[in-house]
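Undergrad: Residue-level listing of the chains:
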Amino acid sequence: MMLDKSNFLTPSLKGAGQVFFMENALTGLFFLIAIGFASYATGVWATTIGAVLGLIIATVTARALEYDEASVQAGLFGFNGILVGIALPTFIAASPFLWLYIVIGAAVSTIVTASFAATLTKSWGIPGSTGPFVLTTWLLLAGAYSFGSLQVTGNAPKLASDYVQGTASIPAVMELLDIFFRNIGQVFLLGDTISGVIILVGIFIASRPAGIAAMAGSAIALVMAIVMRADPATVSQGLYGFSPVLTAMAVGVIFMKTSTKVVLYAGIATVMTVFVQGALDVIMAPSGLPSFTAPYVLTMYLFIAPKKLLSPHPHKPVAHHATADKKTS
Amino acid sequence: MMLDKSNFLTPSLKGAGQVFFMENALTGLFFLIAIGFASYATGVWATTIGAVLGLIIATVTARALEYDEASVQAGLFGFNGILVGIALPTFIAASPFLWLYIVIGAAVSTIVTASFAATLTKSWGIPGSTGPFVLTTWLLLAGAYSFGSLQVTGNAPKLASDYVQGTASIPAVMELLDIFFRNIGQVFLLGDTISGVIILVGIFIASRPAGIAAMAGSAIALVMAIVMRADPATVSQGLYGFSPVLTAMAVGVIFMKTSTKVVLYAGIATVMTVFVQGALDVIMAPSGLPSFTAPYVLTMYLFIAPKKLLSPHPHKPVAHHATADKKTS
Amino acid sequence: MMLDKSNFLTPSLKGAGQVFFMENALTGLFFLIAIGFASYATGVWATTIGAVLGLIIATVTARALEYDEASVQAGLFGFNGILVGIALPTFIAASPFLWLYIVIGAAVSTIVTASFAATLTKSWGIPGSTGPFVLTTWLLLAGAYSFGSLQVTGNAPKLASDYVQGTASIPAVMELLDIFFRNIGQVFLLGDTISGVIILVGIFIASRPAGIAAMAGSAIALVMAIVMRADPATVSQGLYGFSPVLTAMAVGVIFMKTSTKVVLYAGIATVMTVFVQGALDVIMAPSGLPSFTAPYVLTMYLFIAPKKLLSPHPHKPVAHHATADKKTS
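Chains as they are written, first to last, in the UniProt record's numbering: chain S, 1 to 329; chain P, 1 to 329; chain U, 1 to 329.
Because the hints were derived from the structure by calculation, they are not lab data. It should be emphasised that the depicted structure is a prediction, and the values quoted were computed from it without experimental measurement. All C-beta atoms in this analysis are idealised placements derived from N, C-alpha and C, irrespective of residue type, glycine included. Accuracy of the hints is not assured; some may be wrong.
Claimed, not checked - If you anchor each label on the Cβ, the simulated ranges turn out as follows:
(1) P:Q151 <-> S:N7: 54 to 60 Å
(2) S:A41 <-> U:S123: 45 to 51 Å
(3) U:A70 <-> P:A41: 56 to 62 Å
(4) S:S123 <-> U:A41: 45 to 51 Å
(5) S:S123 <-> P:T260: 34 to 40 Å
Bound-form chain S, shown alone:
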């Protein structure tokens, strides 16, 4: 492998950008800055190191396995790897075994991405999206409970009956703004408001409709979570918003051609994602696993599978995200 700019740096940066469906190196750079800023703010750098490591290993693995070069160039094998790399240090204490875990996990995320492409995408046109990240990280994090060499922090398994239902307290306006941006930052597992702002700017650099959809998704999630009286502490961290943000973008702009009907369709999908977030929090509780972006992945799969019925049309600037998996199969 030649590690020159066009062969390696650009695909990696685009891989970061593809977490929000943006095949844009500058956008990816903004996202990496957002991740770094959150580390700077908290003093915990393992997440940033893990993100970069996961991104590189995932991209290198795709090259080593000679997966479709156009997809690699578009960053389509990097975005699951960066998420594995940022998620594992968020829930497992730093140690040499954690880094081993991230290296293997990021490599496996690339293989699972190819696996989803060869099945879901090939047969049904359903994009794998961050599904491979969710599956790979669930398995690795659940495994970590079994291994003395890895220490899981927080999130102990519990019964759903222990789950605290929300009280009626509605956050103050300033906090609403914070949550609005945290909803975006949490896609990268970042609870930092500024990081959310940087990410949103990065999205707008690549696509205005995508940026508007992200904002709409965050706003809808915020309103629904408060109306349904979800646990305020969870809402406040932005944990009810990041999946709806992705759903709003994916269904409203990225994988379907935007129209009045599609906007309504994406609106229902976004509201449903909030409900599925509540559902998976309960369903996953006994396993001691966070739901990650599974509420988005599940809802998006269900809403995109019958998309031919609505004569969709992939979004031009990021068409690769919708179609590249086909190229890999």
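Mind docking chains P and U on chain S? Use the hints.
TA: This is chains P and U only, laid out in the frame that chain S set:
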């Protein structure tokens, strides 16, 4: 949308009928009467209101999304919606948020129905049947635990080890007859004996073989549940019988051409459904979710997937249930 | 059915052999001897009787349903049945109902095998392998908790938080050798060292590369389990090794054409299987179900799905395992 008889009332009534695979408006009317009678007997009308609301919303959604008109006419987008509408009020206390939940849930059930059609049915000829109802209602009910605006009644999450195994007590003959009909009524989540009788009459109106299969399924389930010593309280409510009733009909009459071999095949499927009922009760326990018709759905999928091997032939009068999903994709 | 040698005994013995992908009657005989020896050593014969019963019923069912004769001859409908027959008596106390359970379970395993062939294999070229055994046995064992007629021994449902992480104690060399062979024996749920030796000899009789892959899988699993500090009691029983043994064989030799690249690929798959073993132990805990060969099945599916990308080539002597499912659909 024009809400005249041919365009709206008939498809809706057929939608009710399709819960038992019957594309017959009169049968559907009988089913609605059975649901109403159970509400009259218990004084709880939320289930009947929910059923009608779910049926209408699901059908309207299919029209709004311009799904295959022949399938809409046949009621194939209504039967999951009516089940969502009757199941949610059974487990969630009535409130404005419940009705919002049913509206969104019924709309989503139509999209999930199209999703199953575009995947399972398109690729493998497996009918989605009530799978979309099960998935949608699981997600909504699990979500309800997370939301203070919705109050889940009963069915708290527990460990399977808390599950009570059955004692040997065999019910008296009169109670056996009650259970026989409750096994049929519980397909609509109705514990009422008379409702079961009305439903069975409704099935016979549309198809004698289907009615016989329903009776056979109920009887087999009753015998197996007692022989295996399942929890008597659960057996008595008809909760061990409704999935086997559907399996016996689906595998023995609806989705395969009835023959001696197919009857034996359906018999094994029906017995297996009783075992899967016991299994899912245990597996779902930690989530605090009922298994709904999942034992039927899972067993039927597994037994129908290789049906080409047995040269099946869809049942004429209700062929649409077997084939219409294809039209929607 | 004529029960002469070519029609019945040979397919059955090959069915036993196919558990390790070997279409070889002598190998199958060795495996049956290994199972019998373990019964002799422990004095518990229910597992051996169950194995033979499951093998026969599964094969007879395939004949009765007129499934593809070449696949039946190759033993491809027997290997899930023998595993159902050996697994159920391992976790359920012997009783007339257990034998009924095994008969129905083995028959259903054949139908589920056809079901996986008609879906996973037909659409995506993914071999069902022991997936049908895992699914069927999970359902039956979970069901057993619900039925007073069946008594589940050990393995009560628990929360993952009760799971004991491993200490650092590294087993002595002699015990390492024991574990090395138990890792192989546990594919048949046998904790006996001698049984593991007999099985390994049986594999070498049919294929030297397969035997070497089995040894490599066992060694890798042993090293990883110790390095990751998995629970020593579990490691010692060989429970961290049997799935990796199958993964190493399946990915390295059976379903892909062996090469330097494929050996590396299989190595990553084998290591990942150890992690997935740890994961599923935690995830399955609340259900009170063992993970059986699910860690192998899941990992193999994910690694084989995109196999076209690596231009694979089925292993000659056991090509039927890779391709026969296609014939059944």
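Undergrad: Let me make sure I understand: some of the numbered hints might not hold for this structure. Which ones are they, in numerical order?
TA: none
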